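Using the hints, build the complex out of the two chains.
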Amino acid sequence: MTHWLVRRTLDAALSTLGGVLLLVVLVQVLPGDPLAAVIRDFPTDPATLTALRERWGTDLPLGTVVARFVGGALRGDLGTSLAAGRPVTTVLAERLGPTLLLGGLTLLVHFTIGLALGLWTALHPRTLRARVIGGLTLVGYALPSFVIGLILVWLFALTWGWFPPAGYSDPLLASDAGLGAVLLDRVRHLALPLTTMVLATIAVPIRHQRAAVDETREAPWVVAARARGVSPARLAVHHIWRPALTPIVTLLGLWLPMLVGGAVFVEAVFAWPGIGTLIAEATAQRDVPMVVGAGALLILTVQVGSLLADLLYRVVDPAQDAA
Amino acid sequence: MTGTLRAGLVLGGGLVLLAIVGPWIAPDPLAQPDLITGTLQSPSATHWFGTDQYSRDVFARLAAGARASLGIAVGAVVVATLLGTLVGLIAGGARGAAAEALRRAIDLLLGLPRLVVLLVLLAAVGPLTPLSLALVLGATGWPAIARLVRGETLRLRETGFVGAARALGASPLRILRRDILPGAMAPALVAATLGIADAILLEAGLSFIGLGIQPPAPTWGGMILEARDHIASAPWLLLAPGLALVVATTAATLIGDALRHRLLPGTR
Numbered sequence: 001m002t003h004w005l006v007r008r009t010l011d012a013a014l015s016t017l018g019g020v021l022l023l024v025v026l027v028q029v030l031p032g033d034p035l036a037a038v039i040r041d042f043p044t045d046p047a048t049l050t051a052l053r054e055r056w057g058t059d060l061p062l063g064t065v066v067a068r069f070v071g072g073a074l075r076g077d078l079g080t081s082l083a084a085g086r087p088v089t090t091v092l093a094e095r096l097g098p099t100l101l102l103g104g105l106t107l108l109v110h111f112t113i114g115l116a117l118g119l120w121t122a123l124h125p126r127t128l129r130a131r132v133i134g135g136l137t138l139v140g141y142a143l144p145s146f147v148i149g150l151i152l153v154w155l156f157a158l159t160w161g162w163f164p165p166a167g168y169s170d171p172l173l174a175s176d177a178g179l180g181a182v183l184l185d186r187v188r189h190l191a192l193p194l195t196t197m198v199l200a201t202i203a204v205p206i207r208h209q210r211a212a213v214d215e216t217r218e219a220p221w222v223v224a225a226r227a228r229g230v231s232p233a234r235l236a237v238h239h240i241w242r243p244a245l246t247p248i249v250t251l252l253g254l255w256l257p258m259l260v261g262g263a264v265f266v267e268a269v270f271a272w273p274g275i276g277t278l279i280a281e282a283t284a285q286r287d288v289p290m291v292v293g294a295g296a297l298l299i300l301t302v303q304v305g306s307l308l309a310d311l312l313y314r315v316v317d318p319a320q321d322a323a
Numbered sequence: 001m002t003g004t005l006r007a008g009l010v011l012g013g014g015l016v017l018l019a020i021v022g023p024w025i026a027p028d029p030l031a032q033p034d035l036i037t038g039t040l041q042s043p044s045a046t047h048w049f050g051t052d053q054y055s056r057d058v059f060a061r062l063a064a065g066a067r068a069s070l071g072i073a074v075g076a077v078v079v080a081t082l083l084g085t086l087v088g089l090i091a092g093g094a095r096g097a098a099a100e101a102l103r104r105a106i107d108l109l110l111g112l113p114r115l116v117v118l119l120v121l122l123a124a125v126g127p128l129t130p131l132s133l134a135l136v137l138g139a140t141g142w143p144a145i146a147r148l149v150r151g152e153t154l155r156l157r158e159t160g161f162v163g164a165a166r167a168l169g170a171s172p173l174r175i176l177r178r179d180i181l182p183g184a185m186a187p188a189l190v191a192a193t194l195g196i197a198d199a200i201l202l203e204a205g206l207s208f209i210g211l212g213i214q215p216p217a218p219t220w221g222g223m224i225l226e227a228r229d230h231i232a233s234a235p236w237l238l239l240a241p242g243l244a245l246v247v248a249t250t251a252a253t254l255i256g257d258a259l260r261h262r263l264l265p266g267t268r
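So the sequence lines, in the order shown, correspond to chains B and D.
If you read the first sequence in the working numbering, its first letter stands for residue 1, the second for the next number, and so on.
If you read the second sequence in the working numbering, its first letter stands for residue 1, the second for the next number, and so on.
This is chain D alone, in the form it adopts within the complex (with noise of 0.2 Å):
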């Protein structure tokens, strides 16, 4: 195992049991227990990331944070590689007219910016639920898996062992089930990893500015922006919240990275 990976899995493995044991362990992260001198503390024992301008126990909420944050991308991403290996190996499993209209498809849409797309879906419906977001999170980032797969699909529409399979008869659907499938997976599966930490920051980008998950449900962006009227006064209300984002962006990078070294190797 390899350093880069080994962070990666320290980093996004000290993250999930953040997540996973962190609310057990924590208050309440919407209880607001003393609106009156307790609100604003810097990091103590019994607040380990001290309280913020409500009273509300930073760390508790940094952990539920966890929770929505990694669970909305983790849920984007898995929907984005569903989609985008189907359409990849459909666009570039088929011949003619629909492989060149769903070529053009794909890349009609990678040009578009994901944001862009994001706000005008979310000026036309409003706010949305943490599962909602998670699905159109998944539903704008495929595309660029789509073209992946479609380019790894193609290539190994060509290799010898296709060949052998379509010489003894396989079905066309069985070919790419069961022998483009799992070498088209590959790159799939570093850019889903790589994801993660685009669609983290995304969602902390559109919480940030107002448009993600609404409060008091706590988020990361959520509370980053909850924290710019108090930065001077309790840093750690930005630099908790902030760092975790760090944390979890890099450990998807690291690991993506090592994956890509394993299951690519040659690229970069």
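For reference, chain B alone in the conformation it holds in the complex (with noise of 0.2 Å):
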């Protein structure tokens, strides 16, 4: 086990590392000014047009370049937005928390309601409430999600006014306003984001954990516990359920890049101030750097989610280890 631990997260640092290198080579290599967002239209002399690529170090070679990168990635250092003039990790930092606050509240769902309904669904195939059930994530799962959060938006912000259009706080909450009322505002802004986000993927686990309990309802020792008088709700739970829940581990590694694009287009239709808007931003701006740097960030996030994904399947089914 320590040794498979040790391989594969030296095999997860290397992916991450070759990703992030085929972005900082690509960008070398693409046409197109690297300045683009620092000189736009503006009428540039040759002489400022130098001293400015000597500045950004952008008339270096390409060794050199992916050498520097290297080296500052290393030590925790990115390089410094073109369009903000900050280094690249600050930014980072600042949009971080909005963005886990709302992947993680997205994954909690997942696996609390999702894994519930995927089972309930997989026990009651043919109810009502069962294809009720399916037909919606299968709606939520055809809408994309800009347009699931439009929809949302026109309904519940715009016509009814129960919740804000966008944004991550009221702005006009008062600064000194107690616990309970900043806890308040923050549920009000998340409650449209997050439903749109559960609304565009519960499909997937709710599917993976249907099919994982079709394969154990009908089990050996399902039939022998059923047979001994086990009650329906203990057998479903106990017998039933736990050794469906081994497959739905691997999903975590299969949602990260989902969520990742989710969060791009989720996040720009509530100006939610996360990595999303601010990677959508920089390209706009062409701020390569900051593309660059919030690019790493997510492939990182990929390679460690599907890490864990791995080592969590191998501690829930220790027979892989043997293998």
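Keep in mind that a hint or two might mislead.
What the hints assert, rightly or not - Some but not every residue of chain D turned toward chain B, in silico, with C-beta under 10 Å:
id: 1; residue: 112
id: 2; residue: 119
id: 3; residue: 227
Just so you know, these hints were derived from the structure itself, not from any lab.
Predicted, not measured: the structure shown is a model, and the values here were computed from it.
Ideal Cβ placement from N, Cα and C applies to all residues, glycine included.
Structure below.
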């Protein structure tokens, strides 16, 4: 296990490094001025251009640029944002919290409501309620996340006024407001983005859980337990659900890229001040160091997620170690 | 023909028809005929899906957007399938260090979120034309297909008919082309059809965050972006392109699933 973990961690580290390096090289070899964010359409004389290139180090050969980036990245320095003029890592740190909050809560809903719905629909496949759940999740899956988000804004924010249409917190909230008021404000702002994320993605955990439960529903040990007179509730939770949870942990690895994609578009709908809006804004401003830095963070997240998923799978299914 | 396939073909065929015929029967999608009284009109006989905030005809924009969205997605998938099949065949057919290096390269690329690569690319070169956007979407979509084709090639390499071809003295290239390629194309075709849905959603998403095809050119994602300031007063601006996106992705998924059942019996 230790041997495997060391090798797998090394593998994840190399994949992250390789992926980020690919981005850095891509930026260098592609046409387009890396300083487009600074120069824009301003008339710039050659001397200024040379000075700018020297200051940002964009006229150096490919090898030097890559070596500098790697050296900096290993020391926790991802360069300076061209648009903000501040270290990329500082800007990333400011934007990480909102994205983790939204993504973490989405995962939480997946692992609770999603799994419960999957179990329930697998045990009662022919009921009307199961079909309604199946139909709704399919519609949610077919609709692009930003369309779901805008429909929710239209109904729940603009028509009925239950929730704010966008933003992370109320700018008019008194700075000395109590914890309760701040919390309520945060929940109100979270409601629509979180619902959007969940509606757009919950079909995946439900379907996976349902398929896993289908595998264990009529397993020999379930038949034996039923014959012993185990109550249906205990049968469902203990004998059917528990073994069906094993394959679900690998979903974590699959989910993270999906949450990354979802975050970019859902955050855009609600002006949620996270990594998703940051990378979109930085792309529009052609702030290359910022985009590469945010991209590196997302690649790291995906790799760590898939490492965690593999690790969890080994923890819940020790038979994997023997293989 | 199964119900799934029929439903997929009807939906997909409807959209293709809209993309081909629509722009012929609809007014100019860029014309702003009446900026004084003609803006944000609800659907009527003259404007089937109403008008937008610049009094442009929404049906005309939807049809022109269908042309852009479907054209870009199909172009992207063709590029991805060609590249993916080529690399997958080579990776599956090669031996030794080259095969290992290709396997690692494919895995490395698969670990990169496609959207991240696209955004880095857009940051480096700026907004793209529809043609280059299709190429770029294809260039970021091929690793998934390459992995499938590689796996299938490895499997087919050990089959009896390939062994027979080898015994008859066929060259490795001939075996790859004549004996393995036809079989390895099946999973690639299924993945490509399903990939059309991904490409449509990615292009729409990029246009929605203002990084795809630039206005005033009509795209479904761009229409949704422009609709967001008028959702309460003119919901058709959101619903028309939103529905078109759902129909397009559903059609691609249904056809892909039907193809999977037909070409790859026994999977899922």
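Results of checking the hints against the structure:
Satisfaction of the interface hint for residue 112 of chain D is found here, the shortest Cβ-Cβ separation to chain B being roughly 5 Å, below the 10 Å cut-off. For residue 119 of chain D, the interface hint holds, the least distance from its beta-carbon to any beta-carbon of chain B being 5 Å, beneath 10 Å. Annotation: interface hint on residue 227 of chain D holds; nearest CB of chain B at approximately 7 Å, less than 10 Å.
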